Every structure is written in C-alpha cells, then in structure tokens.
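Trainee: Listed below, chain by chain, are the residues.
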Amino acid sequence: MSLTPVQTPIIPRLKKEKIVSLIKTGKRIDGRRLDEYRPITIQLNPIQKAEGSAAVKIGDTMAMVGVKLEVGIPYSDRPNEGVLQVHAEFVPLASPTFEPGPPDENAIETARVIDRSLREPRAIRLEDLAIIPGQKVWIVFNDIYLLDHDGNIIDASMLASMLALNVTKMPKIVSIEGDKVVIDKDSRGQKLPLNLNVVTVTIGKVDKYFIVDPSLEEESVLDAKITVAVDSLGRIVGLQKMGMEGFTEDEVDYVIELALKKAKELHSLLEKVLKNPEEASKSIV
Amino acid sequence: MSLTPVQTPIIPRLKKEKIVSLIKTGKRIDGRRLDEYRPITIQLNPIQKAEGSAAVKIGDTMAMVGVKLEVGIPYSDRPNEGVLQVHAEFVPLASPTFEPGPPDENAIETARVIDRSLREPRAIRLEDLAIIPGQKVWIVFNDIYLLDHDGNIIDASMLASMLALNVTKMPKIVSIEGDKVVIDKDSRGQKLPLNLNVVTVTIGKVDKYFIVDPSLEEESVLDAKITVAVDSLGRIVGLQKMGMEGFTEDEVDYVIELALKKAKELHSLLEKVLKNPEEASKSIV
Amino acid sequence: MSLTPVQTPIIPRLKKEKIVSLIKTGKRIDGRRLDEYRPITIQLNPIQKAEGSAAVKIGDTMAMVGVKLEVGIPYSDRPNEGVLQVHAEFVPLASPTFEPGPPDENAIETARVIDRSLREPRAIRLEDLAIIPGQKVWIVFNDIYLLDHDGNIIDASMLASMLALNVTKMPKIVSIEGDKVVIDKDSRGQKLPLNLNVVTVTIGKVDKYFIVDPSLEEESVLDAKITVAVDSLGRIVGLQKMGMEGFTEDEVDYVIELALKKAKELHSLLEKVLKNPEEASKSIV
Amino acid sequence: MIEKPVLIKEDGTRHDGRKSEELRPIRMEVGVLKNADGSALVEFGRTKVIAAVYGPREIHPKHMTLPDRALIRCRYHMAPFSTSERKSPAPSRREVELSKVIREALEATVFTDLYPRTTIDVFIEVLQADGGTRTTGLTAASLALADAGIPMRDLVAAVAVGKVNGVLVLDIDELEDEYGEADMPVAMMPSLGKIVLLQLNGVLTPEEFKKALELAKKGINEIYRLQKEALTKKYLSYPEE
Amino acid sequence: MIEKPVLIKEDGTRHDGRKSEELRPIRMEVGVLKNADGSALVEFGRTKVIAAVYGPREIHPKHMTLPDRALIRCRYHMAPFSTSERKSPAPSRREVELSKVIREALEATVFTDLYPRTTIDVFIEVLQADGGTRTTGLTAASLALADAGIPMRDLVAAVAVGKVNGVLVLDIDELEDEYGEADMPVAMMPSLGKIVLLQLNGVLTPEEFKKALELAKKGINEIYRLQKEALTKKYLSYPEE
Amino acid sequence: MIEKPVLIKEDGTRHDGRKSEELRPIRMEVGVLKNADGSALVEFGRTKVIAAVYGPREIHPKHMTLPDRALIRCRYHMAPFSTSERKSPAPSRREVELSKVIREALEATVFTDLYPRTTIDVFIEVLQADGGTRTTGLTAASLALADAGIPMRDLVAAVAVGKVNGVLVLDIDELEDEYGEADMPVAMMPSLGKIVLLQLNGVLTPEEFKKALELAKKGINEIYRLQKEALTKKYLSYPEE
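Top line first, the protein sequences correspond to chains Y, W, R, L, S and E.
Residue 265 in my numbering is what sits at position 265 of the first sequence, and the numbering runs on without skipping anything.
Quick note: to get my numbering, add 1000 to the position in the second sequence (first position is 1).
Quick note: to get my numbering, add 2000 to the position in the third sequence (first position is 1).
Quick note: to get my numbering, add 3000 to the position in the fourth sequence (first position is 1).
Quick note: to get my numbering, add 4000 to the position in the fifth sequence (first position is 1).
Quick note: to get my numbering, add 5000 to the position in the sixth sequence (first position is 1).
Hints were generated in silico from the structure; no laboratory data involved.
Computed from a prediction, not measured in an experiment: that's the story for all the values here.
Watch out, some of these pointers could steer you wrong.
Here are the simulated distance ranges between beta carbons [as the list claims (entries may be wrong)]: (1) Y/P193 with L/P3116: 34 to 40 Å; (2) Y/P193 with L/P3206: 40 to 46 Å; (3) W/S1076 with E/S5084: 42 to 48 Å; (4) E/A5090 with R/D2223: 32 to 38 Å; (5) E/A5090 with Y/S175: 41 to 47 Å; (6) S/R4094 with R/G2234: 45 to 51 Å; (7) R/K2261 with S/P4151: 47 to 53 Å; (8) R/E2017 with S/P4067: 51 to 57 Å; (9) S/R4094 with R/K2027: 33 to 39 Å.
Here are the simulated PhoX-like cross-link-like pairs (lysine-lysine), alpha carbons at most 25 Å apart as the crow flies [to be verified]: (10) L/K3210 with W/K1172; (11) Y/K49 with Y/K180; (12) R/K2136 with S/K4234; (13) L/K3004 with W/K1191; (14) E/K5062 with R/K2208.
Backbone N, C-alpha and C define an ideal beta-carbon position, used for all residues, glycine too.
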C-alpha cells in the first residue's frame, strides 16, 4: 500500500514561506538561479572490488553505485541477452527519516525509473552479453547506495549509475564446459559494451514556477515534480511525474524543454569526466 | 499464532438478538428457511487469460476462481502425477475488516479445506497430468479471489473452483525435447481431466438450531459451524468444524444428514450450469 | 538492528543485590561454588526420526538437538566437502520473554558460536561427506531447540549438539545414477565421521568476580560474560565476549584459564556418557 | 523467442482492427460491490479492473493520523490469474511503484482537507491484464471515489498512448506494449486540464512526445464522457428502474 | 515410489501389531517445564509433543485486549527434526491451520470470561511426528492448561481415526495415514459429550462416518482416563513422594 | 578450488609485503556526512567503512523507551557491491550477530544514563570488505559518536589478529582470513585497558592466544593514536583552514 507521506523532517513554516517567496522572485535560498544545478563532484572507481563504481555528489546529496557482473540465466523471453538489474537502497545513515529494512516505495521508484531509462534506449548492449545463448548470460547488477540525502536523489543516482557503467570492466571468462562457465573475478578485461549515455533532469514545480535540481528544503515546498530522462541523442527516454499535484499541458511542455537543455549540460559533464578521468575524479568516499 | 478473533464489523446487539430469536422460531432475518441457500448466480469464464475461470455469487458473497496451468516439477513422492495448488486471497476490497498482506488463517483454512476436498476423492485426474513422468508435470493453480464478503466464503469458493476446473482447457504442448517442454498459452485444446464433482455445504449452529449458508450477519451470532464436502457419489470427502463451541454427537449426525441433502441440490445446480453454460451464465464481473 | 535489551523478566532489586553480595563472598544463591556447574542430565536419542539427537539439562535449562542428514549441493568454494548447518530456535514455550517468529539476535549468536566452534577445529570430518565430489554431498543439519531457559543456553546447546553428532548414524545410500542420489532414511548405517569433541564454558563477570555456568537469575546481574570453546586437545577453538561491559587483560587471562579447567571436566563427562550410553542416559523428554 | 507479430497492417489499422486513434471497447459499471463504500468495474478491451473505496474511516494504528487532512492509502494489485504466466500474490516492485503513482494522481483531486484524522482507502484489483492496467485502474478508482460520495475537484480519466512501428497509437494493449517502442500512460483531471500522472516507458523524440500527449488528451476526453455517463446511469436513472 | 506396505495383516492386525480398535502406547507427564505456568509431555507411540501454557498474563500490544474475556493465543509448531525430511522452521500453511482449529477447540472449554483483559498463551511443540500430532498436541495442551490452574469446563481429549484398506482403525500412525483412505481427527470434552474438533482428510460413506465417530469416542474415553490419572499422579500423589 | 596462495614469504613478509606486526595503511576522516549528527569514514587497506550516528533523539515506537538510560540501536550492514560475490541486501545472520557484538562494545563506553528516554542510533555501512570489517566499523563508529558530541568513557579502537601459516599477524586482510588458521577480532577502550569485543574464529593454543592478545593491543594503541589525530584534525585545526 502506498500512503500519503508525512512531511519529515519538519522544515519550519517560516523557512518554507521564505523559500517560496524567493522562488517567486526568480531566486533560490542557496543563491542559485531557478534553472541551475548545485555543484557536482564525481569520484570514479572508489570500490575496487566492484567491476565498476562511481560516487556522485550534487550539493550535499551523495550517491554511490557499484556495478557487479555475475553469470546467470537469461529471461525466458530474452534468451540471447544479458540481464540488467537495478536496485536502490536508501540506508538509514543517509537521512534521519530513513528506516532500516527493505526498500520503500521511493527507493523502488528511483530504481525503476533508472532501470527503464537505461533499458529503453538500449544504453547497455545487452545483446552482446550472452555467453551461451539461451543458457548463460551476464547479469549486470547496478546497485545504487544513497549515503547522504539532500534532495534530488534520482539525478545523482542516474549520474553515478551511468559513470559506473562506463568504467565497468568485465571479469574474464576462464573456461566454458557444457553449460558451466568459470570466470575470474580478479582479472578484468573488456569494457562493458554501451550504446549511449543517459542522464535525468528533475524539475520541481512551486505554484507556477519551476526549479531545476531541488534541494531537500526545496522539495518540502514542491507541489509536484517531473524527472525527464534524456539520452545522448537528445531523445526522451523516460518520464516520471511525482508528487500530489498536476501540471497543465503548457507546463509540461515548458518542463520538457528546460530538461532537454539541462540534459545537454549533464551529457557534456559526463563526457568531460570520462575523457579525463584522473583529472575530473575527486575523493568523495 | 492463532488468536481469538475480535468481532468486527460490530453488529448492534439488538440486531444480533433479533437474528437469534427469529432463528429460534424457525425464521431468518432475510426471510429464508433455516435450510435454504441464498440465490446463487454464476458466470463462466469471465477471465479469458486464465485456462478456466468462474465467478459465483451466493447472495452478496462474491468469489472468483482462475485456474492456470504451468509446467513444473512433480512432488518427489508422486513423481507421475500433476500437482494441484489451491490458494485463496481475501483482498481488502472485499470487506472493511480485511487487511492487505499475506493470507491470514481464515484464507489459509479456506484454501486447505477446498484443496483437501478436491484432492481426497481425486476430483482431478492428476495421474493424467504427467508430461514426462518423474520430471515434468502440469501444475494446476486454483486461485480463489474473494471480491465481496457477505458470509459463507467456503461454499462460494468451492462452487467457483469446481466450475472453473470444469471449464478449464489445457494449453497445447508444442514440443518436448529432453526435459524441456514448450507450451503455447494462447491455444488451448483438451479439457482438464476430472473424475467427479465436489461441493461443500456449510451449516451454522445457534444454540440448538442449525442454519444452512449463514450470511455475514448470521455468522456473528453462530456458536460454531461445520463445512461438509460431498462428492457427486454422495460420499463425505471432507469435514471442518470451525468456531469456538462444540457439537454433540446427535448434532453432528443431524448436520451431516442435512448437508448431504443440500449437497444434492448443489450438485444438480452444477450439472445444470455445465450442461447449458450459455443460458445459465450471468454477467457478474 | 541490534537494540539495548530490556531486562525481563524483572528480578526484584533486593534479590539482585543478594545475588551480588553473595558472589562477593564467594557464594552463590543456589549454594554452588563460583566455579561450579549445576547438575547436568543427559538423554541420548530421544528422537528416533532424527539421524541423531540428544537432550541436555544443565540445572533447569533444557536444550535438545536433532541432527538430520540430507543430500544437497556443496558450497562452490568447498566442492568436495559436506555442509554443516547449525540453527537454533528459542521457542516461546521455553521462556515468558520469548516471542514466536524467526530467530532473534541471541538465537542467531548461539547458533553461530556453536557453528564456528565445530567448524574451526574440524570436529566433523566434512571432507568425508562428499558423495559425488563437486555435485552432491551430505548436508548435516544440527538443529538446536531450547525447551526451558534458566540461563547459560550456549553450554547446554553445545553439549547437546556434540552428543547428538556423536550418536548420529548416516542414512544408507541406495543408488547413485548420474547425479541422482537415492537414500533410505529408514535404514541407518555408519556413524557420522568426527575428528574430536568440543565443549564450551561460559563464565560471567560480576564486578571483579567470575562465575561459571550462570543461571538465569545470575545472568540478570552480570556485567558481561565470555564463552570459551575448547576441543578435546585442549585448544581454544572459539571465543565470544558478550554483554555491555569490558574485561581487562588480566581478567581475560583468568577467564581462559578457568575455562580450560572446566572444559576438561565437561570432556570427561562427554566421554563417560558416550562410553556407557545406556547407563548415563536419563529420560528428559 | 516468438516472432514479432504484424502490429500495423498495410491499411494502417492495428492488429485488432482498430485505427491508430481508436480506443478499445470500454465498459464501466459503478457500485458493483456491497461492502465497499464505493466501487467500480472498468474494462478497456480485455483489461478488466475492479476498484473499491472504503472511507473516510478511522485509522489504525492511530499514530499514522494526519491532523489536517485525510490520509490516502492506495493499493494496486494483480490477481494471480490476471496474467499469462501466473502472478505470485506477493506484491512486486512494479505494483509498489504503481500504487504510488496512482495514489499521487488521486491526491490531486480529492478534497482531503475535509476529512482530517481519517483515511480514505483505495483498492484496485486487476482481474485481467491486457495492457493499460494502471490507467484503467485509475479510471475505475476515480469512479469508485465518486460512488463513495467523496468530494473531488474532478474525475480522473486515464489512457496509455503507444508508439508502434513508428506510429503513435491510442490505448495500447499488451501485444502493442510488448513489441512497440513506447508506452506512455497519462491521467488527467479533464475539466481542469491538469495532468496528474505521466510516465514514459520507451523512446520518443520531443516532437513525438508532444503529439503523443495530444493523442492521450483526445482519448481522455472520450473516457471522461463515458465516466460521466456511467455515474449518471447509476445516480440519475435510478427512479426509472 | 515406494511400494505400499501391508497395513492390515491376514489376522486382522495392523502393521505394528495393534488391533483395529487399539490405541498406541501412551505416556503423559504433567509439569515438565520450569518456566511455563503449566506444561505437559504426551506421547502416542513415537509421536511426541510438549505443550506449555503461559498466563493469564498481560497482553502486548495493549490494543489487542478484549474487554470481557481472556484472549487465547495458540501456536502449533513442529521442530525441524520432528519429521523424516527436515522441516523448515518457518510456519507452514498447515501449521497455521492447525493452530486455528486447536485454538478453537480450547476456546470451548476455558472459562475465558474469568480473566478479562489478559492473554492465555498455549504453545505446542511437536518433537517427533508419527501421525496424530494435532490430537496429541491438543491432549497435551489441555493437560498444560490444567497444570497452569486455568479453570476449564472439562479436559479435551483427542484422537484420530483412520480408514485403512477399508477398515476403520483407531489412533492411526503416519504410515497408516500416508497409505490409508481417510484420517479423521476428533477432539471432545468427554464428560460434556461435546465434539470440539472435527476434521476429515479422506473419503468416507455416511455409514462409515458414523462408525468412525463412535470409534473415536471410544478412544477418547480411554485417553481421558489417562489424562485424569496423569493429573492425579502429579497433584494427589504428591505427599507420598 | 583455487590453490592456496603463499601467505608468508621466505623473508617473513606477508603476501602484500607487510611485516607480521604491521597494520595496513589507515585512513580516517571525521564528519563526512551532512545529515548525520556524527560520521566517520575509515579505511584499513582496501576495507572501507562509513559510520553515522543519529541522536540522542526521540524513539518511535514509544514503548521501547528505557526510563533510566538511552537505548542504543546499532546496525552493521554491507553494501551489495562491497564483496566479491554480490551480497544480497537482506540482512544475513552474520550481519545480525555483528550488529549485536558491536552494539555491546559501544554500550560499554557511552554514558547512556545521561540521555534517558532517547535513542542513539549507530549505522555502519561496509562499502568495501577486505577483511576486518567489524573492527574497522567499530573504529569508525566510535569516531562518529565523538563527532556527534556524545560523551564517552573512551574511544573504542579495534583490530583483528590472525594466525597464518602458524605465524601470528596483525590486521589480517581477507586473503589471510580465508586461508589462515585463525581470525581474532579485538576491540578496546585503550586508556581504560578494557577489552569490549573479543571473538575467535579459528584455533589457538592458550599460549598463542596470549601472544595474539598482546599483538592486538599493540595495534589498537596505534589505531587509537590515529583516531585522536583524526579528531584533532577536524576540531582543533578548524580555525587554520
């Protein structure tokens, strides 16, 4: 069952009013423009034991992704393709409001939005991940781990996922006998085959105003928000409207246009980081 | 753990007293005789995607059953037989007192009483449902779904199960290679092989009086009840005493006799419906 | 999550004070010496359906162990060895403070301490329990069932485990075809192959004093305790410090020495019982 | 692996004979359950969904109470026999997500501040799934809310638009969803012109997205008309029966 | 698949040498546990069950309290080593059902209205299962209730009757249950002549049913006698020890 | 099955070049998270753990409140990508046990009686597991408690000693743990000389145990020094930044 969420942590009413009134004058409480992301910091491969990993900070929101590859069985309706599994854990370390336990609806939604945004434009070349067609394929686990929650979890998680997938190197296959595949986790060879990159842009609505990359304080005053997934070809590859209010058609059009613009910036950032990983990667965890 | 149930929804004491005092004069609050069922309405095959299905209304109690067939592995102690799985879900849509979640003890008891009543007289010819003996057999899922609860869930669920099994057509087997069985869910051929029909008759006890097919209001005043499963040969193929009081031997004898009589009526109804499905089937869901 | 436990059942403060003040004079509330076990009673093979079983009473603490053997798949990193599985259930019958449900942290800790104490010194010759190396091996289930809790659960559970394993006889293998192993549960042949015996000695700390085999009342006044597992060669094969206080190094040294001494007594008891099972085994359950 | 079926025929019609902008046959019935405070059965083609509303009623446990508004609790759930492969009754991740987006869509329309300290429970059971179950469910849920007499800003009407062989089509069914390129469920409060549910599972260019949204709106207006008819039939025609 | 064993020999005796109307050797011990307020160990042949009662005691959480009577909570549970194949410790559907029918049988005899706002907890642990575990468990539970000093209308005594090779037999064991045609567990409050548990897992003609019930009653009276003996032994012979 | 690697080379050094009594490179950072009241990141070689503390804060549900002291809640948890084989996110029995022994070690140092009726929550997340995760986690947790300003009797510093090819070695890593003969995690309040966690997974003679404990103490004193440095760096060097 999905329940109306209780607003926690409680942001004082006065602060909320200030956030809203600032937005109405085109300003934000942390000094940003309405269409501006917070500073983005990136660390590549913080986890050597993962086949690929990345940590991303957008402002104080910190998300990690570890990619693991294992040999498994394909879905029966896709016998010749690898399997992508996206999971997200919002561990209680990340926020005073998170509880230990299995993923709640927000963590599940985050994982599923990112899963679809990767799957639909075929960001990963799953068709190249069959080992024994129909029997054994690579399972790609994309595990999202949220370490600090300061708003806009999805965009940080998507960026970390895309970066981790880009730096993933596949374990070597040592031998295949019958349907037994032996791999060597400790020696990694080829890069994970990708077709293209995807980013998400999340835009919040306050009254008639729209803000990019809402922080946690700002999320508490949002009427609703939309996450738009955009691939490196400029196509819309995912959409998720969230929150307890609606959008007019014109508002949706505006949001999409703004998202396409911001997505370009994020794609540039991605490319820059991946071109010069040593330079661009900072120590986060 | 099983706990003394809390009586909900609370029926006013005055109403309860009226129900009881009426029964003591041989009458019932809805005008029925003590040994009379409420009107029974039947819909065959409301769910085309199931291999067989039926909806049954007894008064306002509405139960659906969908039968699905899948290929699976036999029980190790019955390697040459198909597998019957009966499950019941009392979804929260059906009553203000039902909660979402896994089946509670009442749903489990309902499913198990029906399971045994089908299994013991070999209502389904499970021995004809082996595909590759010892390795692959048909799994028959008989899923009971309660949509509206107005008392006497078991009899409605049993009737719906028996009807759904009678109209079930088995998916065609496309190919068998080694131990791999390929079936075509979209083309159905043979009928599910049955040996006989089974119905249940539930009789409630109020003081020294006995009522057939208790409604929800009546269930709130019952001391106890017995469900008797009777097959088309007139044999007793299942018994379940429920409720927090006992029966004398004489009372049990009376209940059994009454149940055997009412079972004949239900068997006639079953036959009539199955002989003229178009005519007898009404739109329920 | 692990939580500070609530002290239940509540032992009156006066009684606690008495227990402590007695200990400080070298005495115990039940008249024992500080380094003395309560009387130990043993029953061998109370459960004929288990491959081996034992019940042990230490004072009023009663623990049973049933050992079952099944054919299963080896761990991938130990393809040529049998598998040992130790589980403990603290059923609600055993104490007013136990709740039905999956094992809590205390039951899990007990099972894991005993598991390690058996595994590390290779008490069971797991290497002799492969049936088809790499494919089928014996799974040894050592199920601990606590029936009455009067303190020092671990030592009673360990004793019962060691005895049950000693009297375990393995089911006969009827046939092996390919990777299919057929066994006959009803005829048992060879003994389970063991290398050595292990016992645990649990010692509680109260202020600067140490008591062996604390009873439930005594456990309520302990600052902390240590369980020392000792094998029949006199080696330390497991350690677990428990409770919310620390030990100095000197205290640890003292505890270890005392444990080694008491372990010898328990090993003698074990040997005596196993040499004359008929004589030594009493009826417990 | 089954071969991809012909989804758009040479004459431009779809595999089931519909035109690209045509809805499936729709059936709506209001007040189909006795116990529920409100209920509705809605079919879009073979997709069959039943929704029930209980409330406003007391909340247990009490600590979940909201002081200034009604809590909305919503469960989207599929019957085990509703799908081709039997569905396990345990709630899947998909059902958890859909329960959330459906609840959020309904939050926008219910006047929850009229019933503080209560809960309004919405239960959606998919009896047969043949594409568009979330939109059919949302359409049924808003009818059930109306049937329960719960004040709303507007009904919610919903439909999924798809892209199939490059063609945008209205109200896709399961086959089109499985082999098509995009599935975009949309829900609106039609009189207020507000989009309360919007998801995209697939790939669209910005231009295609605009057209798809227009197409959804067209379908939603038709569904809205049918919803009002169904309510009228139950509540206004009553004396004539 | 194992061949069906000979269940009724030529001389009419059963596989274990019993006559058709003969009980297995029965052992009953009352007060076997220290912590429980009442307890009993009962064996019917190799079937071995221990029952404990805690209460009347306070309920947590409080909201489960019944204002006018004691709550009864009952758990029937099997030890993992009690069966031929190891039983997973998680409660099975069978254990859930049996906990319910055992609880209902006990509800009929306990004067629950004497202890409003409390709970009486009955825990039944099957240590070895060789047929008739629910009836053995119920027999043990009613002894444990008596041992806990809880006022009851009567003891509950229980036994299962079976039909094996067409013959009605008393107190069936696992082998007879597995290969027989019917298993009918019956529990009674013998002095009051009330049947408080009645189930049938199998096929009986109406005539057979009548005879089976008579046979059960016969066994129950004998079990009842043993129960009273066991209680007497504990409570009356005490000074002699 | 992989062949056992050379763990102690001919020159007495270990597989990674360390001497037997040498710690891995250690990194400690305090205050790394925004939301948590206190936090710390600690690395022992490739083992990387982050710990956060929330509290003292209110408890939900209320009935868990302790009247005379703070409740401590502690969770040791591994990220799915932290291990060679992906770890399922559901808590394992191992994680349940380690949460308990870590909590008990912390109970000994926190002045819980200063904050009655509150909870202090300690969350330990293993980001990369390469041996010694519980001791690294405990070291991080005590830094996080200090960072949260929670009064403690002493810091807790911890390390695991191993026996590898018969040699006692300090701060074993995963490879040494897997192929070695013993793994003994030890945690102390170093200034108070109190051992607050002690486990042994392996076989030691009484003499070896004594030596192992001495070796652990040596490592713990070094770790303690680094902890104090890390806290000083954060709190005293602050004005210089």
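Trainee: Mind listing which of the numbered hints don't hold for this structure, in increasing order?
Mentor: 1, 2, 3, 5, 8, 9, 10, 12, 13 and 14
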